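Asker: Taken in order, these protein sequences are the chains called A and B.
Under numbering that gives the first Met the number 0, the first residue of the first sequence carries the number 0, and numbering increases by one thereafter.
Under numbering that gives the first Met the number 0, the first residue of the second sequence carries the number 0, and numbering increases by one thereafter.
If you're looking for bench data, these hints aren't it; they were derived computationally from the structure.
Note that the structure is a prediction, hence the values are computed from the model and not measured.
The beta carbon of each residue, even a glycine, is placed where N, CA and C say it ideally should be.
Where hints are given, some of them may not hold.
Unchecked claim - In silico DSBU-like cross-links for lysine-lysine, where the CA-CA straight-line distance does not exceed 35 Å:
| id | chain 1 | residue 1 | chain 2 | residue 2 |
| --- | --- | --- | --- | --- |
| 1 | A | Lys276 | B | Lys160 |
| 2 | B | Lys62 | A | Lys308 |
| 3 | B | Lys131 | A | Lys181 |
| 4 | A | Lys283 | B | Lys62 |
| 5 | A | Lys181 | B | Lys62 |
Stated by the list, open to error - Incomplete in silico selection of chain A near chain B, CB under 7 Å:
| id | residue |
| --- | --- |
| 6 | Val88 |
| 7 | Val234 |
| 8 | Pro238 |
| 9 | Gly239 |
| 10 | Ser243 |
| 11 | Gln245 |
| 12 | Ile280 |
Stated by the list, open to error - For each label pair, taking beta carbons as the anchor points, the in silico distance ranges come out as:
| id | chain 1 | residue 1 | chain 2 | residue 2 | range |
| --- | --- | --- | --- | --- | --- |
| 13 | B | Ile135 | A | Asn173 | 22 to 30 Å |
| 14 | A | Lys241 | B | Lys157 | 41 to 49 Å |
| 15 | A | Met163 | B | Asp69 | 35 to 43 Å |
| 16 | B | Ala32 | A | Lys181 | 38 to 46 Å |
| 17 | A | Ile180 | B | Asp69 | 32 to 40 Å |
| 18 | A | Lys181 | B | Arg56 | 14 to 22 Å |
| 19 | A | Asn286 | B | Asn132 | 16 to 24 Å |
| 20 | B | Arg56 | A | Asp284 | 41 to 49 Å |
| 21 | B | Ile135 | A | Asn285 | 14 to 22 Å |
| 22 | A | Ile77 | B | Ile135 | 54 to 62 Å |
| 23 | A | Gly239 | B | Ile135 | 21 to 29 Å |
Residues per chain are reported as follows:
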Amino acid sequence: MLLLKKTFLVCAGVGLVLLTGCASKPPAAMPEQAIVGRSPADPPKNPVIDAEALKAESKSIAVTDIYFKKEGKNLVFIEETRHKTNNNVTSIITPKIIEVDADKVDASALTGGANSSQLPVKFTNLADPKSTTPVISPVDPQASSNSSDSETQSSKKSGYESKMEYGELRYLANPIRGLLIKSGYKVVQAKSTIAMPNQGDEYFDIVKRIKAGDFADANYVLYGVLAEVSVMDNVDDIPGTKSSSQQVTLEVTVDFNVVDTQTNQIVASFIASGDGKEVRIDGKDNNFKASKAKLMKLASLDLAEDVRKNLAAQNFITNNPGSAGYERNLKRRLDDDASTLKVYK
Amino acid sequence: MKMHTKTIHLSVFALSAVLLAACSGPQVRYGDAKAVETVNANYGSTDLQIIAEAMTRSLLQSKAISGSKDAPIVTLADVKNKTSEYIDTRVITDKIRTQLMKSGQVRFAVSVTEMQNQTDELKRQNQSGLYKNSTIAKTGNMQGAQYRIEGSIASIVKTTKDVKDVYYVFNLNLINNESGLLEWADEKEIRKTATR
Numbered sequence: 000m001l002l003l004k005k006t007f008l009v010c011a012g013v014g015l016v017l018l019t020g021c022a023s024k025p026p027a028a029m030p031e032q033a034i035v036g037r038s039p040a041d042p043p044k045n046p047v048i049d050a051e052a053l054k055a056e057s058k059s060i061a062v063t064d065i066y067f068k069k070e071g072k073n074l075v076f077i078e079e080t081r082h083k084t085n086n087n088v089t090s091i092i093t094p095k096i097i098e099v100d101a102d103k104v105d106a107s108a109l110t111g112g113a114n115s116s117q118l119p120v121k122f123t124n125l126a127d128p129k130s131t132t133p134v135i136s137p138v139d140p141q142a143s144s145n146s147s148d149s150e151t152q153s154s155k156k157s158g159y160e161s162k163m164e165y166g167e168l169r170y171l172a173n174p175i176r177g178l179l180i181k182s183g184y185k186v187v188q189a190k191s192t193i194a195m196p197n198q199g200d201e202y203f204d205i206v207k208r209i210k211a212g213d214f215a216d217a218n219y220v221l222y223g224v225l226a227e228v229s230v231m232d233n234v235d236d237i238p239g240t241k242s243s244s245q246q247v248t249l250e251v252t253v254d255f256n257v258v259d260t261q262t263n264q265i266v267a268s269f270i271a272s273g274d275g276k277e278v279r280i281d282g283k284d285n286n287f288k289a290s291k292a293k294l295m296k297l298a299s300l301d302l303a304e305d306v307r308k309n310l311a312a313q314n315f316i317t318n319n320p321g322s323a324g325y326e327r328n329l330k331r332r333l334d335d336d337a338s339t340l341k342v343y344k
Numbered sequence: 000m001k002m003h004t005k006t007i008h009l010s011v012f013a014l015s016a017v018l019l020a021a022c023s024g025p026q027v028r029y030g031d032a033k034a035v036e037t038v039n040a041n042y043g044s045t046d047l048q049i050i051a052e053a054m055t056r057s058l059l060q061s062k063a064i065s066g067s068k069d070a071p072i073v074t075l076a077d078v079k080n081k082t083s084e085y086i087d088t089r090v091i092t093d094k095i096r097t098q099l100m101k102s103g104q105v106r107f108a109v110s111v112t113e114m115q116n117q118t119d120e121l122k123r124q125n126q127s128g129l130y131k132n133s134t135i136a137k138t139g140n141m142q143g144a145q146y147r148i149e150g151s152i153a154s155i156v157k158t159t160k161d162v163k164d165v166y167y168v169f170n171l172n173l174i175n176n177e178s179g180l181l182e183w184a185d186e187k188e189i190r191k192t193a194t195r
């Protein structure tokens, strides 16, 4: 009986040992199954494109300062008197040049106003040869000191000389650069251009400047030519009150083009304007003088806002930086450019 | 004799009571401001209330007001008095404005008659140099009204020996300031007859 009990205990112990051994045995290796009909995905060719990446890879644009061309006119009156006596020739030249505003000259010439009365002749173009015909006066026997072979020749030239002034306004374009930065563009500093003596309209030749490398590696150039600057100072009564309002307004109008530097294609074109206004109640009574600096700042900010609207209207920028439209716009431009072609899966 | 004396005493007492009553002044009592007033056939408080209520209700149902996404900005213009009576028409438009404002469907810009105070305040803040720049209500930021309310009140009066008949017609228009189009118009007629 005791032997039977011991045999049972030994069997139970061996059974437990075997069971423990089975439990710790590693699973049998399964043969690798072949995947049929499926191929593993290619690793992504591009990193994830997020807004920051889009911004980093966005196109660059150079914004020129605002070109201007100012027309001026000089009134010219030259009187030359040649006195010839035997072999001696005496010449007296009396030039007179008055620089005036071109518009006023024209108006004055037409109306016979103050400017026209300054000169004893009507306004003519000096380029016209008829206006510069010399006047040969016969010698007055009494005034010629009894010299029979003397001759006095008098020549009078009068008219206006046109002159053009070319240049760049350096304080209007910065708010525009700011808005392009906000819209996701990299803004490149453009080289300034200096007008040469006797400069012509080739000053506005943006293609020439692009080829000359004035805009580094910018994809686009936004350039504007000043169309008009005007300052208005108006005083009006305020209805229903005893007061009046003085409004001093600076208004600038600029003709803009956006040029693709690779193709020279104009991708956006518009006229934008901005005004800076200062209003003073009863300002007329107090001889109010508006701050020109403030007006210029307000006008440039307003101009930039109008530029933004026009660029958005022509799908060059989106209205809201950071919006879905903004990212889509950047993405569209990247897609359009073969050199930065992306493949999305 | 005794009877006569008693009569005199009573008379003096009655007279004193009458005099005392007279010295105590008029009696004052509050009435219902909305109660119908029919003292005479002239323009009165009930007419004012009827006109203002009718016009407000009609204006709020107009497409220009009820169909607008944002509460449109309106200003009050003149209501001309074409009657032979003195009527302060400003009271009518003010009452209409109050009721419209309470509805929350309309915003009002200052009218011409309120402009002096408005300009004085702007001038004080902007031009006195006394105020902190960030807190100044700046000149040039007033909001223009999209619409203006203007109208007229006219009357026809006929009288006989015993009868006075008055017919009032109050006309109000809502005009789009930009387009000049008449966006809404309504009228309220009132007939009052007084007989002796």
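Asker: Indicate, hint by hint, whether the structure satisfies it.
Answerer: Evaluation of the provided hints:
no. : hint                              : in the structure
1   : A:Lys276 <-> B:Lys160             : violated, 67 Å
2   : B:Lys62 <-> A:Lys308              : holds, 32 Å
3   : B:Lys131 <-> A:Lys181             : holds, 31 Å
4   : A:Lys283 <-> B:Lys62              : violated, 44 Å
5   : A:Lys181 <-> B:Lys62              : violated, 41 Å
6   : Val88                             : violated, 70 Å
7   : Val234                            : violated, 14 Å
8   : Pro238                            : holds, 6 Å
9   : Gly239                            : holds, 4 Å
10  : Ser243                            : violated, 10 Å
11  : Gln245                            : violated, 11 Å
12  : Ile280                            : holds, 4 Å
13  : B:Ile135 <-> A:Asn173: 22 to 30 Å : holds, 27 Å
14  : A:Lys241 <-> B:Lys157: 41 to 49 Å : holds, 44 Å
15  : A:Met163 <-> B:Asp69: 35 to 43 Å  : violated, 52 Å
16  : B:Ala32 <-> A:Lys181: 38 to 46 Å  : violated, 59 Å
17  : A:Ile180 <-> B:Asp69: 32 to 40 Å  : holds, 33 Å
18  : A:Lys181 <-> B:Arg56: 14 to 22 Å  : violated, 49 Å
19  : A:Asn286 <-> B:Asn132: 16 to 24 Å : holds, 23 Å
20  : B:Arg56 <-> A:Asp284: 41 to 49 Å  : holds, 47 Å
21  : B:Ile135 <-> A:Asn285: 14 to 22 Å : holds, 18 Å
22  : A:Ile77 <-> B:Ile135: 54 to 62 Å  : holds, 59 Å
23  : A:Gly239 <-> B:Ile135: 21 to 29 Å : holds, 23 Å
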